[in-house]
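Engineer: With the hints as your guide, set chains B, C and D onto chain A.
There are 4 protein chains.
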Amino acid sequence: MDYQAVLESIVEELRPQLGRAGHVASYIPALARVPATQFGIALRTCDGVEAAAGDSATPFSIQSISKVFSLTLAMQVAGERLWARIGREPSGNPFNSLVQLESEKGVPRNPFINAGAIVVADHLVAQCVDAKAEILGLLSDLCAEPIAFDEEVASSEAGSGHRNLALSHFMKSFGILDHDVATVLDVYFHQCAIRMSCVQMARAAGYLCRDGAHPRVGARVLSEQQVRRINALMLTCGTYDAAGEFAFSIGLPCKSGVGGGIIAVVPDRLTLCVWSPALDATGNSLLGRCALERFTARTGLSIF
Amino acid sequence: MDYQAVLESIVEELRPQLGRAGHVASYIPALARVPATQFGIALRTCDGVEAAAGDSATPFSIQSISKVFSLTLAMQVAGERLWARIGREPSGNPFNSLVQLESEKGVPRNPFINAGAIVVADHLVAQCVDAKAEILGLLSDLCAEPIAFDEEVASSEAGSGHRNLALSHFMKSFGILDHDVATVLDVYFHQCAIRMSCVQMARAAGYLCRDGAHPRVGARVLSEQQVRRINALMLTCGTYDAAGEFAFSIGLPCKSGVGGGIIAVVPDRLTLCVWSPALDATGNSLLGRCALERFTARTGLSIF
Amino acid sequence: MDYQAVLESIVEELRPQLGRAGHVASYIPALARVPATQFGIALRTCDGVEAAAGDSATPFSIQSISKVFSLTLAMQVAGERLWARIGREPSGNPFNSLVQLESEKGVPRNPFINAGAIVVADHLVAQCVDAKAEILGLLSDLCAEPIAFDEEVASSEAGSGHRNLALSHFMKSFGILDHDVATVLDVYFHQCAIRMSCVQMARAAGYLCRDGAHPRVGARVLSEQQVRRINALMLTCGTYDAAGEFAFSIGLPCKSGVGGGIIAVVPDRLTLCVWSPALDATGNSLLGRCALERFTARTGLSIF
Amino acid sequence: MDYQAVLESIVEELRPQLGRAGHVASYIPALARVPATQFGIALRTCDGVEAAAGDSATPFSIQSISKVFSLTLAMQVAGERLWARIGREPSGNPFNSLVQLESEKGVPRNPFINAGAIVVADHLVAQCVDAKAEILGLLSDLCAEPIAFDEEVASSEAGSGHRNLALSHFMKSFGILDHDVATVLDVYFHQCAIRMSCVQMARAAGYLCRDGAHPRVGARVLSEQQVRRINALMLTCGTYDAAGEFAFSIGLPCKSGVGGGIIAVVPDRLTLCVWSPALDATGNSLLGRCALERFTARTGLSIF
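If you're matching them up, the sequences are chains A, B, C and D in order.
Numbering-wise, the first sequence is residues 1 to 304 according to this note's numbering.
Numbering-wise, the second sequence is residues 305 to 608 according to this note's numbering.
Numbering-wise, the third sequence is residues 609 to 912 according to this note's numbering.
Numbering-wise, the fourth sequence is residues 913 to 1216 according to this note's numbering.
By construction, these hints were calculated from the structure, which means they are not laboratory data.
Since the model is a prediction, treat every value here as computed from it, not as a measurement.
Using N, Cα and C, we set each Cβ at its ideal position, and we do this for glycine too.
The hints are all genuine.
Residues from chain D that keep clear of chain C, each with C-beta distances beyond 12 Å, as calculated:
{"#": "1", "residue": "A944"}
{"#": "2", "residue": "V946"}
{"#": "3", "residue": "A948"}
{"#": "4", "residue": "D959"}
{"#": "5", "residue": "F1061"}
{"#": "6", "residue": "G1071"}
{"#": "7", "residue": "D1090"}
{"#": "8", "residue": "T1095"}
{"#": "9", "residue": "R1132"}
Computed footprint of chain C on chain D; a stretch qualifies when at least three of its residues, placed anywhere within it, have a C-beta under 8 Å from a C-beta of chain C:
{"#": "10", "segment": "990-1003"}
{"#": "11", "segment": "1139-1150"}
{"#": "12", "segment": "1159-1166"}
Same shape as in the complex, but just chain A (with noise of 0.2 Å):
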């Protein structure tokens, strides 16, 4: 299939439609400023072919989507014992209730919720010697450049960050954290305000479609089935409120940020990342999901 005519034919098609609707994250002024006109989109297969079209080399803040990353390392250093104190179900809800926390004595739902995202960050510093260099040394070596924190992100992401500080107290109140929240958070809010462009993070993801191996030196990331349950938890709870609606209208696996950023997964073909920073009513990017549906519509790549 011609992946760079696909894509450059979305790119097209949605430019009309760049600026004209949703809004981009506001709750930090690094993300405010970021030109809502802006849109890349980026593959590469399994077999190492690569097509990109648009602002598809701009690095942009990856958000939620680094609790992916952070996971897949925690899978790493942590194993099962992981699954100790965070769900695999979907939410339900909006992604930073405390609603369900309390009803489930501060057990996050999953790891994708931001509370199941501290929990793994509190499992990183527990096995990491420095898990923010961890954190960074991953996603490096995945897409063979070196990638870095914007530290102006992390410490608005500090300074903002008091739904966060609620949830971590919260769950320590319950038992559910070892480490101390600032020492938790100082990690988590450095892995949202990584910043990578669309074509690093197709790469970076490589190893979702791959049943694990790495995206070029074949080494082995996470086991078959480990990947396995990641995709399983980016169908079922990747996208906010809004996972059953993409899984319904897109059928992939997929993870999203404020930053506008989405990763999808076409398992054993191709990983995915599309990014415009405006968002729509569920805190997804607005286009991004538009050129999704484009992409499985016209190349009929579905899971089911």
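Structural biologist: Here is chains B, C and D on its own, set in the frame of chain A:
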């Protein structure tokens, strides 16, 4: 692959666990007296190859599995209109919960929770001359054998259905149901009371792995896109509040019922039905779930 | 104190606001067509002194005020047993909420929310030969005039009562109601449809300020302790989700109804009834509430 | 009335139950080690008559009773402004619940749940040069003895206060708190850590039964209306999720703390303080509650 050998080995392995754990549904006598020590499994591939083992020819009460077929019929007769009054998101709550219904103004989260299936039945009442007969007609045609209601179960459901009456009147108070509660619930209680065997069920569900094509005659039951959407809904919402867990550990679209049956779909490959009456704490067949985990582990089949 | 002058001055002051704000209950036609521009007020002291002003002789639909009298009757016939299936706590939620009922296994928080009053009606069905007749009998005896149901309102309530049907079936599913939902709701819908004037109501409620003694004949209606408990329930739970606000700004036990009536008790002094059909956002009579604030400010009467 | 005899008889009657039931608060060591077998009671009438029995001179940790006095101080210094960010309704939920806070955009239901008292503390930080000193100053002046913080308790509260940190950051995320979480909680944790005896407490609360007049010097602490409002709040919200039960069975405005103290107000008559460390399931002093029931039964004092 020698599916017959796989199913037989699963039956052999699980036989010692029969009747050891779990509880048969006890809310109506006709279900409560079903012996817990039964186990059946059957599959049918896209190409018409069949395999079966254990009590695969014993009819059981299909209960909530019927929601897949009433939804199929509603998609045929009502089309996209259907989604105006039903969502497509996992509920993150018990299957007959009123809480979410209240906060979302009476609109059920998806067609596989009770409230959603009752709205589907309301559509069938609107569009069909005889909704109950058409459901039976659809199933009989799909599996090429006459299928019938268990009238004792239907009337027991009606007699003990205060929770479903509550859900229905609650939705009625929000203007979500068009028809009389009694008329709509008569359809709903009857569809739950259908009796089928694993073999019949694996055949009837065949269109779900054949992109919507009829399992035998090749006519179209639903469009490819409609079937993908049903499979997506089964994966995200098909097994009560264990959908995430099923996706994580089994990785196939499934729909279960409190009668102990579960159907599973491997797109482009096969449909499978397993049945064992004893349920786990989430209301899914305990050994049915074990069997599906073994089946996917052994065959490597998974959508992820 | 010259109560007649106080009531007249309140009527004068509030007259310009009649029909200016608030909304008449519109869920049934017989309530919706009540002119909003009516206002009546009446009181009766422990010693039998009466005062009245405005439309104090016009009958109105007493609606939830009836809950005080059905509770009184249930206390007479069922005694302490009553409290096995009803709580005594404010609900902190809308008066017909199902959420709390779900989390508390079908036991209503108090006898003044709809669910609780339905359980009270269930007790009356159990203990009375003809519950509806006994409620009318109690009221007729208390105010020394024949009191009747408005059958049009009663049958409209039944026709539009899906929320109450939902509550009842929900409680039935928890085993909280002993009798048929239809039988119990027939009592409940009728008690809500009683018509009385402010003057009649101030008389009928007289035992609440007389330590349980009959307002005229001196016989005992309830014990002193029972009356204190009803007054306590009125203060904490009598005005929907505005009970705290009423206690804060008025400081008297009150019970309101969506017909626009409110009764208030000054223990050892007097009972008062005010009526004006337009309701505020909390479902309480807007001018009724203003009138009570003026009354307590002017007379200095308050339990605090 | 011979109050001294009444209090002594209550102490005698309850003595055999000391240490038999209930549990001392154990979330911080300084509270956990308080012997359960203590019981004290004291009252002071409007006219300055005092009575006391049992361990009435033993200081205890006043905990949430402090919320009455911090509210009093906030009413003095902030006036009506206070109510812009705090409601006046009973919560119908556990006292430190986050659920209601979420559904109501961070505005606490009333000033006696933890969240509400933290907002009160935020007002004190805004209006006072040294909020902690002014709280102590108010109490010392009211009871004419120097009152102090238990610094061990204050620092233990801070160390184990993750739930309160969660509440505070959560409100901060809604913009409900003006000052730093740490600064506000320093005030809050200290006010909870005040130590007073029953005798001191009965004296200090005296203005609540004297229409706002200072218990000794006759100066005005609050206006009559302000005091009525505090009494109303105590009645509807003063004893966690047992406020309805307290109103029903005791019939007086009360405020309790997890240290085992409870104050009660008989308007125009007296204030009373009872203390016994073992708590019932609702977090209120088990024997304290029994003592209050006996007191009102014996004296006939009740606001209803």
